[in-house]
Amino acid sequence: MLEREGLMVAGITSTCAEAVDLIAENEPDVVLLDLGLPDATGPEAVTRIREVSSSLPIIAFSVERTPEVIRAVLRAGANGYVSKDAPSSQVIAALEAAVQGLTALGEAEARALSRMGEAVPIADSAENGAEPHEVEADDSEPGAPVPVREPLTPRELELLRYLAEGYTNKEIARAMVLAEDTVKKGVQTLIAKLGATDRTHAVVLALRRHLIE
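FYI, our numbering numbers position 135 of the sequence shown as 474, with every residue one higher than the one before it.
It should be emphasised that the hints constitute simulated quantities derived from the structure, not laboratory data.
Accuracy of the hints is not assured; some may be wrong.
Pairs of lysine to aspartate or glutamate, EDC-like flavour, derived with a Cα cap of 20 Å [as the list claims (entries may be wrong)]:
{"hint": "1", "residue 1": "Lys-423", "residue 2": "Glu-407"}
{"hint": "2", "residue 1": "Lys-524", "residue 2": "Glu-552"}
{"hint": "3", "residue 1": "Lys-532", "residue 2": "Glu-552"}
{"hint": "4", "residue 1": "Lys-523", "residue 2": "Asp-537"}
{"hint": "5", "residue 1": "Lys-509", "residue 2": "Asp-520"}
{"hint": "6", "residue 1": "Lys-509", "residue 2": "Asp-537"}
{"hint": "7", "residue 1": "Lys-523", "residue 2": "Glu-495"}
{"hint": "8", "residue 1": "Lys-532", "residue 2": "Glu-497"}
Label pairs and their calculated CB-CB ranges [as the list claims (entries may be wrong)]:
{"hint": "9", "residue 1": "Thr-352", "residue 2": "Ala-518", "range": "50 to 58 Å"}
{"hint": "10", "residue 1": "Thr-352", "residue 2": "Asp-520", "range": "21 to 29 Å"}
{"hint": "11", "residue 1": "Glu-504", "residue 2": "Ala-356", "range": "30 to 38 Å"}
Where is the CB? At the ideal position from N, CA and C, for every residue including glycine.
Kindly generate the complete structure, drawing on both the sequences and the hints.
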């Protein structure tokens with residue numbers, strides 16, 4: 340499928356060990372990483388590839404869509420995450436986005452990570468062949484802790500944790516006993532401090548920078 344779409348496949352491996360050797364030898368432009376390899380979990384596979392190349396774009400490819408798995412893989416340094424049942428156009432778009440320095444999440448994965456419903460500006464339904472949600476990646480080495488532009492206050496960290504759990508503004512306002520407008524402004528400030536483009540990107544950056552678990 341990849342070759343049919345105009346990509347050159349540098350190699351195919353069935354284990355993480357083989358992948359690491361192939362990457363070291365061939366220096367590909369991007370990796371489509373199956374998280375079901377027999378000799379490494381998803382985060383472990385990303386980490387082992389990062390030991391060979393700190394900047395090689397990696398798109399995780401899996402049947403899993405749980406927020407915990409997506410967070411763990413992104414925290415390890417993956418540049419994106421696409422489900423195996425996604426249309427081929429979405430897989431190709433994710434690979435191309437990663438090469439361009441973007442973080443690419445399929446629609447379902449973006450929703451699983453943020454659970455923000457229509458509040459998150461993601462692509463149209465995957466059944467319609469939509470491209471993945473793309474956000475600018477920061478300039479740091481993937482997976483490395485990076486200081487935020489401004490220190491976050493305890494309340495902003497609390498707000499960030501609610502965002503990571505997928506709370507809406509209304510739910511956050513109820514939980515933190517604040518006005519919904521106050522929460523909305525707080526989210527905007529948080530996004531600006533993290534240098535993110537939206538709520539989903541803010542959570543991705545926070546995970547990479549180890550601000551939240």
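> Does the structure keep Lys-523 and Asp-537 at a Cα separation of 20 Å or less?
Replying inline: holds (12 Å)
> Could one say that the CB atoms of Glu-504 and Ala-356 fall in the range 30 to 38 Å?
Replying inline: holds (36 Å)
> Holds or violated: Lys-509 with Asp-520, Cα cutoff 20 Å?
Replying inline: Holds - the C-alpha atoms of Asp-520 and Lys-509 are around 9 Å apart, at most 20 Å.
>> For the hint 50 to 58 Å, verify it against the beta carbon of Thr-352 and that of Ala-518.
In response: Given range 50 to 58 Å: holds, Cβ gap about 54 Å.
> Has the hinted range 21 to 29 Å been met by the Cβ atoms of Thr-352 and Asp-520?
Replying inline: violated (52 Å)
> Regarding the pair Lys-523 and Glu-495, is the alpha-carbon distance no greater than 20 Å?
Replying inline: holds (12 Å)
> CA of Lys-532 to CA of Glu-552, is that 20 Å or under?
Replying inline: Given that 20 Å is the threshold and the Cα spacing comes to 19 Å, the pair holds.
> If you draw a straight line from the CA of Lys-524 to the CA of Glu-552, is it 20 Å or shorter?
Replying inline: Given pair Lys-524, Glu-552 is violated - Cα atoms ~24 Å apart, limit 20 Å.
> Straight-line Cα separation of Lys-423 and Glu-407 no greater than 20 Å?
Replying inline: Answer holds: Lys-423 to Glu-407 is near 17 Å, not above 20 Å.
> Taken at face value, is the distance from the CA of Glu-497 to the CA of Lys-532 at most 20 Å?
Replying inline: Given pair Lys-532, Glu-497 holds - Cα atoms ~15 Å apart, limit 20 Å.
> Given the proposed pairing of Lys-509 with Asp-537, does the C-alpha separation stay at or below 20 Å?
Replying inline: holds (17 Å)
Violated hints for the displayed structure, listed by number in ascending order: 2, 10.
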